[in-house]
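Sequence lines, in order, name chains A and B. Heads up: the first sequence begins at 37 in my numbering, then just goes up one per residue. Heads up: the second sequence begins at 243 in my numbering, then just goes up one per residue.
Wrong hints could be hidden among the right ones.
Said to hold, decoys possible - Cut-off 27 Å, straight-line C-alpha distance, at most; resulting in silico cross-link-like pairs (BS3-like, lysine-lysine):
1. A:LYS98 - B:LYS336
2. B:LYS491 - B:LYS526
3. B:LYS336 - A:LYS125
4. B:LYS491 - A:LYS103
5. B:LYS353 - A:LYS107
6. A:LYS107 - B:LYS375
7. A:LYS103 - B:LYS276
8. B:LYS526 - A:LYS103
9. B:LYS276 - B:LYS375
10. B:LYS336 - A:LYS126
Derived from the structure by calculation, the hints contain no laboratory data.
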Amino acid sequence: MHYTKDRQSLQVRLQGDFNLNAVRQIRELFDDREELTVDLSHSRFVNSEAILYLQSLMQSGKTIRLKEPPKIFFEVLHILGLHESWDLKKIVES
Amino acid sequence: MEAHLYLEAKIEMIGSATDFTYKWCVNMGLDVGKAAQLTLAVDEILTDIILHAYSDTSGYVEIWYQYSFSELEIIVQETGEPFDPEQHAYSPEKAISRGDFEGAGREIARKMTDHFIFLNRGKDGKEFRLVKKLDKSHIRDLIKEETTEGRENGVADTYLLTPATSEDAEDIARLIYQCYDYSYGKEDLYFPKRIEMAIRHGYKFGTIVRTSRGGPAGYFAVIRNNDSLIGEVGEAVVAPPHRKRGLMKRMLNKLIEMSRQKGLLGLYGMALTVHTISQKANEKFNFKSTALLLARSSRSIYKGIREDYPQPISMVMDFLPLTKKWNTPVFLPRSYSDIMKELYIQFENHPGFKDLPDQIEKADISTELSLEIYYEANSALIIVRKLGNTFEGSCLSMFRSLEELKLTSIYIDIPLNHPGVDPSVEWLRENGFIFAGLMPFFHKERDYVRMQKINTELDFALIETHSEMAGKLKETISSEFHALHKG
Numbered sequence: 037m038h039y040t041k042d043r044q045s046l047q048v049r050l051q052g053d054f055n056l057n058a059v060r061q062i063r064e065l066f067d068d069r070e071e072l073t074v075d076l077s078h079s080r081f082v083n084s085e086a087i088l089y090l091q092s093l094m095q096s097g098k099t100i101r102l103k104e105p106p107k108i109f110f111e112v113l114h115i116l117g118l119h120e121s122w123d124l125k126k127i128v129e130s
Numbered sequence: 243m244e245a246h247l248y249l250e251a252k253i254e255m256i257g258s259a260t261d262f263t264y265k266w267c268v269n270m271g272l273d274v275g276k277a278a279q280l281t282l283a284v285d286e287i288l289t290d291i292i293l294h295a296y297s298d299t300s301g302y303v304e305i306w307y308q309y310s311f312s313e314l315e316i317i318v319q320e321t322g323e324p325f326d327p328e329q330h331a332y333s334p335e336k337a338i339s340r341g342d343f344e345g346a347g348r349e350i351a352r353k354m355t356d357h358f359i360f361l362n363r364g365k366d367g368k369e370f371r372l373v374k375k376l377d378k379s380h381i382r383d384l385i386k387e388e389t390t391e392g393r394e395n396g397v398a399d400t401y402l403l404t405p406a407t408s409e410d411a412e413d414i415a416r417l418i419y420q421c422y423d424y425s426y427g428k429e430d431l432y433f434p435k436r437i438e439m440a441i442r443h444g445y446k447f448g449t450i451v452r453t454s455r456g457g458p459a460g461y462f463a464v465i466r467n468n469d470s471l472i473g474e475v476g477e478a479v480v481a482p483p484h485r486k487r488g489l490m491k492r493m494l495n496k497l498i499e500m501s502r503q504k505g506l507l508g509l510y511g512m513a514l515t516v517h518t519i520s521q522k523a524n525e526k527f528n529f530k531s532t533a534l535l536l537a538r539s540s541r542s543i544y545k546g547i548r549e550d551y552p553q554p555i556s557m558v559m560d561f562l563p564l565t566k567k568w569n570t571p572v573f574l575p576r577s578y579s580d581i582m583k584e585l586y587i588q589f590e591n592h593p594g595f596k597d598l599p600d601q602i603e604k605a606d607i608s609t610e611l612s613l614e615i616y617y618e619a620n621s622a623l624i625i626v627r628k629l630g631n632t633f634e635g636s637c638l639s640m641f642r643s644l645e646e647l648k649l650t651s652i653y654i655d656i657p658l659n660h661p662g663v664d665p666s667v668e669w670l671r672e673n674g675f676i677f678a679g680l681m682p683f684f685h686k687e688r689d690y691v692r693m694q695k696i697n698t699e700l701d702f703a704l705i706e707t708h709s710e711m712a713g714k715l716k717e718t719i720s721s722e723f724h725a726l727h728k729g
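Please work from the sequences and hints to get the whole structure.
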């Protein structure tokens, strides 16, 4: 995992999937910052633990951005019934 | 290729397991999108296991990767803390309002797969089965683009028999389509990519006949069993203009020669009982009937079967030994010792029969069972890998775990190399199982007796048998079936 951070924000580029292990590492790095950007261009999938983590950040008022998420990410949001409650125009950068 | 991972139940292991899963899926023929879906399903199950089943303890997870021509199956087994998935269903409302994602992993796994099954096997642990179908181009899509010009329709004077290679896959599918339209029983043969993968990975081998101009005229193949050195003679076709020229016989002789070279100990054919054509063909080549498997296949799989055939299809198993070293003695269960002796003595080099001791000691080991589910046929086969002192308990757990699936038929194979086969068969009879027959060399090159439990009505008058022995099997099995179903 590559990352850069400042007081306000954390930018992460994942080398693998956005899974439980990645969530734990990002949570530790993010601490109490306000903005998280995750580059998913090398990820095959985003699992439910990652979705749960992102949802909890959004609910606590943090800003998240996802770069180039794989197609399966959108399928997962649909399966979990979250596709309408997530503001994907703001969250996703293609 | 099949694979087996044995992993410590730790978060750090998930990534390694999913990397392997993804590569295996792609290598076995899934496109990258479907490979990612099946990999995500495995990730979700492993994550659930590590977070919940092994939250307070250490343990291990086993993953089995299984390939068939039409699907990939991944089985995840663990023995962590028990749980009931029905008590933990996913709710989008709870996720949005409370951030409660309970059940989300299993919901994703279910939606990312074509079949998702959870089996609670009691003391033997829990098992998740994830299946993804291999959807490849159907041969009809390729045929559409072809004009009739240049296609060979006439007879030929000379034929060339060669081993089929993965490059013959499209010709094989084309041959099946041209000869049978949509009525051939094995759907996999309409998908060239599935044939190519199966030949390339050695799951089947066969022979193809070509005319002197190179056009395909016939094909015959053996599908290897995945846990024993035997194979099923399962795919045979000769194009109409080339029939009655002895090609089927030449191909089968070639296949028998190839099977011997590959070290196979025997060949078997599963013949339909809707008619006796395949049974007669098997008999012609000296195959002998050893079992009658009731409700073995769904009617819908065989598109050529009369539409008014009202019940699942039963099959006669015919066997041809290729070895003279069939000499490991066997114990025969008392209830079936007469008919099993008759089944054995059809073969010149059958094994000897050992007398059952007066007191049968149970082996001081746990019983080990494995399970194969035939999704399309809605049936399952339980294989007794080790026959030990927990036979009844392990079987009951397995039966309970299968209850929800509402299977049409359940088969169980018990090894004949241990006297414990006798009380095991008696216990199965008390639990609704009836005889099916002898399965020679069927698992790890050992002989098994197969018992069957049928959860549907069957009209035996519609089950046609040809050989005398198949008729005897039908009589025995029908009488047991009716006695059980009357009771």
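Hint check:
Annotation: proposed proximity of A:LYS98 to B:LYS336 holds, straight-line Cα distance about 20 Å (limit 27 Å). Between the alpha carbons of B:LYS491 and B:LYS526 the distance comes to roughly 10 Å, so the proposed pair stays at or under 27 Å and holds. Between B:LYS336 and A:LYS125, the direct Cα distance comes to roughly 24 Å. Compliance with the 27 Å bound is thereby established for this hinted pair. Taking the CA atoms of B:LYS491 and A:LYS103, the gap is about 62 Å. The hint is violated against a cut of 27 Å.
For the given pair, B:LYS353 sits about 15 Å from A:LYS107 by alpha-carbon distance, which is consistent with the 27 Å threshold. As the CA atoms of A:LYS107 and B:LYS375 are separated by approximately 20 Å, the hinted pair is consistent with the 27 Å bound. A hinted pair counts as satisfied when its Cα atoms are at most 27 Å apart, and A:LYS103 with B:LYS276 qualifies at roughly 22 Å. A C-alpha spacing of about 66 Å is found between B:LYS526 and A:LYS103, which places the hinted pair above 27 Å, so the restraint is violated.
The suggested pairing of B:LYS276 with B:LYS375 holds, with an alpha-carbon distance near 9 Å, which does not exceed 27 Å. A distance of roughly 24 Å separates the Cα atoms of B:LYS336 and A:LYS126; the hinted pair therefore holds under the 27 Å criterion.
Checked against the numbered hints above, the structure breaks hints 4, 8 and satisfies the rest.
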